[in-house]
Amino acid sequence: MSLSKNMKSATSSYDKMVSYSLKDAMDMVQEYKFTKFDESVDLAINLDVDPRHAEENIRVTTPLPHGTGKSVSVLVLTQGAKEKEAQDAGADFVGNKDYLTKIKNGWTEVDKIVATPDMMGELGKLGKILGPKGLMPNPKSGTVTMDVAKAVKDLKAGQVELRVEKTGIIHVSCGKVSFGVEKLTENIQTVYDTVMKVRPASVKGQYLEKMSVSSTMGPGIQIDHTSIR
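For the sequence shown, the working numbering gives the first residue as 201, with consecutive numbering after it.
Watch out, some of these pointers could steer you wrong.
What the hints assert, rightly or not - No farther apart than 16 Å at their CA atoms in a straight line, the calculated lysine to aspartate or glutamate pairs in the EDC-like style are these:
{"id": "1", "residue 1": "350", "residue 2": "283"}
{"id": "2", "residue 1": "333", "residue 2": "354"}
{"id": "3", "residue 1": "366", "residue 2": "292"}
{"id": "4", "residue 1": "216", "residue 2": "347"}
{"id": "5", "residue 1": "356", "residue 2": "285"}
{"id": "6", "residue 1": "383", "residue 2": "239"}
{"id": "7", "residue 1": "270", "residue 2": "250"}
{"id": "8", "residue 1": "333", "residue 2": "365"}
{"id": "9", "residue 1": "356", "residue 2": "255"}
{"id": "10", "residue 1": "383", "residue 2": "238"}
{"id": "11", "residue 1": "404", "residue 2": "250"}
{"id": "12", "residue 1": "340", "residue 2": "256"}
{"id": "13", "residue 1": "353", "residue 2": "311"}
{"id": "14", "residue 1": "356", "residue 2": "311"}
{"id": "15", "residue 1": "223", "residue 2": "354"}
{"id": "16", "residue 1": "410", "residue 2": "311"}
{"id": "17", "residue 1": "350", "residue 2": "292"}
{"id": "18", "residue 1": "383", "residue 2": "242"}
{"id": "19", "residue 1": "353", "residue 2": "288"}
{"id": "20", "residue 1": "353", "residue 2": "285"}
{"id": "21", "residue 1": "304", "residue 2": "292"}
{"id": "22", "residue 1": "397", "residue 2": "382"}
{"id": "23", "residue 1": "350", "residue 2": "256"}
{"id": "24", "residue 1": "410", "residue 2": "393"}
{"id": "25", "residue 1": "340", "residue 2": "322"}
Honestly, the hints are just simulated from the structure, not real lab data.
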């Protein structure tokens, strides 16, 4: 794929083999913004883990200090008094059998699904539909819970899930370019701290191998993670 004139200019103005401090990387993200829309800022973290081992299959959530800048639609699958609790907390969709039927028929027009434990028996049957889209609720991500109000509020406020892929990489959105250097730095610092806290005991050598950041249309910039404190 050919590079745009702006991308060629950006990639030729810095050394792609050099790792930059977090602040310098954020300055560069701001510098290399060429679009009119507010681009997302995405972080990629390469870990020396093997997700096939349960202990190294990292999956954790963390609230970002400044959110992600994205509007998150939430479906809560529950029944009884918990339905009103979810509605009061700001859930976009609330129900049980009706939404289970809709999902079974292919409806997945939602960003996150929260479910109370009593719904998981039926919801589990829809794994082939929800799993590939990353929508299946899970206790590790805080989306299978009796405290549906907290789950909804956390998701709406910008909670992100840090989940390692088969290749040992975590991808996560850390905000928008318009957040500016300070807010983006604080969001990425939070992600870094969270990832380091869940380091598996089985990993003896280097745990975090590489970090890189990019805006939606911008180049990838390596971050010197050893400079983050």
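Note to self: Run through the hints listed earlier and report the numbers of any the structure violates, in increasing order.
What the structure shows: 2, 3, 4, 7, 9, 15, 16, 21, 22, 23 and 25
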